[in-house]
Amino acid sequence: MATNYEKMIADLVTPLVVHPDDVAVKQLSDDGEMITMHIMVHEDDLGRVIGKNGRIANAIRTIAYASASREHKKITINIESF
Amino acid sequence: MKTVTFEAKTRDEAMKLATEALRVQPDYIALDIEEKKSMLGFKKSYDVRATVDVNLAELGLNTLQTLFDNMGVEATIDMKHPADDEITYTINTNENPVLIGKNGKTLDGIQYYIRNLLNVFTDHHVMVLCDIGGYKENRKRQLEILATKTAKEVARTKVEAKLDPMNAYERRIIHTKLAEWRDVETKSVGEKPDRAIVIRPKNAR
Chain A
1 MATNYEKMIA DLVTPLVVHP DDVAVKQLSD DGEMITMHIM VHEDDLGRVI
51 GKNGRIANAI RTIAYASASR EHKKITINIE SF
Chain B
83 MKTVTFEAKT RDEAMKLATE ALRVQPDYIA LDIEEKKSML GFKKSYDVRA
133 TVDVNLAELG LNTLQTLFDN MGVEATIDMK HPADDEITYT INTNENPVLI
183 GKNGKTLDGI QYYIRNLLNV FTDHHVMVLC DIGGYKENRK RQLEILATKT
233 AKEVARTKVE AKLDPMNAYE RRIIHTKLAE WRDVETKSVG EKPDRAIVIR
283 PKNAR
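For the record, the sequence lines run as chains A and B.
Per this note's numbering, the very first residue in the first sequence carries number 1; after that it's consecutive.
Per this note's numbering, the very first residue in the second sequence carries number 83; after that it's consecutive.
Derived from the structure by calculation, the hints contain no laboratory data.
Note that this is a predicted model, so its numbers are computed, not measured.
Some hints could be false.
Here are the in silico distance ranges between beta carbons for each label pair [unchecked claim]:
1) A:L28 - B:L211: 32 to 40 Å
2) B:E273 - A:D21: 39 to 47 Å
3) A:D31 - B:V180: 16 to 24 Å
4) A:T36 - B:R93: 41 to 49 Å
5) A:D44 - B:N185: 30 to 38 Å
6) A:D31 - B:N185: 23 to 31 Å
7) A:D44 - B:E140: 23 to 31 Å
Glycine residues also receive a C-beta, built at the ideal position from the N, C-alpha and C atoms.
Between the sequences and the hints, there should be enough to build the whole structure, so can you do that?
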């Protein structure tokens, strides 16, 4: 069963934010090896999701990376605000 | 939990102001609203007391469970909440090595994420610890053995020894383990991520 990365990442990001309706996670590409994800959040929430020195963003990346590695894939995540 | 009090003109405005002041989403806010009549009786306003209303330990548990469900990992999570400011999750899954990661990196990521999530809602810091498949417990035992062995060697040879770089939590285990030794002392040197412990003989100089 393939992992739904959009749901997985959205479920990680949404509880962190002040504006849960403004969270959008899109899978941009998956060529079988490399997945690119795009997270969009409200501009007031960008700091929450990225964290001090990007540490929350990196924690989310590390978790997603581990999950993708089970399917022998790599994942990159971009985070931006609306 | 965070609390604020303020005055609002409408109920809708009350929730909007509350989310802005508390920096928390509406689902996690409880409002206590009291109507205030002005002297003339036609300009209504409200006294509002907004409190963050969420069970932190449960939120962390549910978030972890959702994560593992999304990953398709079977997990059992044992939660302990021994004090108001301390929550621990002991996790066991059918894929522990993946979730622990190289040198515990993924486990650290999971713990850092959950700790930050839960501390969004409080104004006092809550300590959140996660362990998967007894990894940290085993690591602690290994580090204590390493500490004792190296310390004995240092005490015997009077030559200081530098250990591999470790994170703060791991360094602390070694500092604590050797704190009461009479013939060696420990010190952390270098900068993250290369900060490492040096064990050296006491009264060497």
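Hints and how they fare:
1. A:L28 - B:L211: 32 to 40 Å: For A:L28 and B:L211 the Cβ distance comes to about 35 Å; the hint holds.
2. B:E273 - A:D21: 39 to 47 Å: holds (41 Å)
3. A:D31 - B:V180: 16 to 24 Å: Once the Cβ atoms are compared, 22 Å apart, the range 16 to 24 Å for B:V180 and A:D31 holds.
4. A:T36 - B:R93: 41 to 49 Å: Cβ of A:T36 to Cβ of B:R93: about 43 Å, so the range 41 to 49 Å holds.
5. A:D44 - B:N185: 30 to 38 Å: holds (35 Å)
6. A:D31 - B:N185: 23 to 31 Å: holds (29 Å)
7. A:D44 - B:E140: 23 to 31 Å: holds (26 Å)
Hint violations for this structure: none, all hints satisfied.
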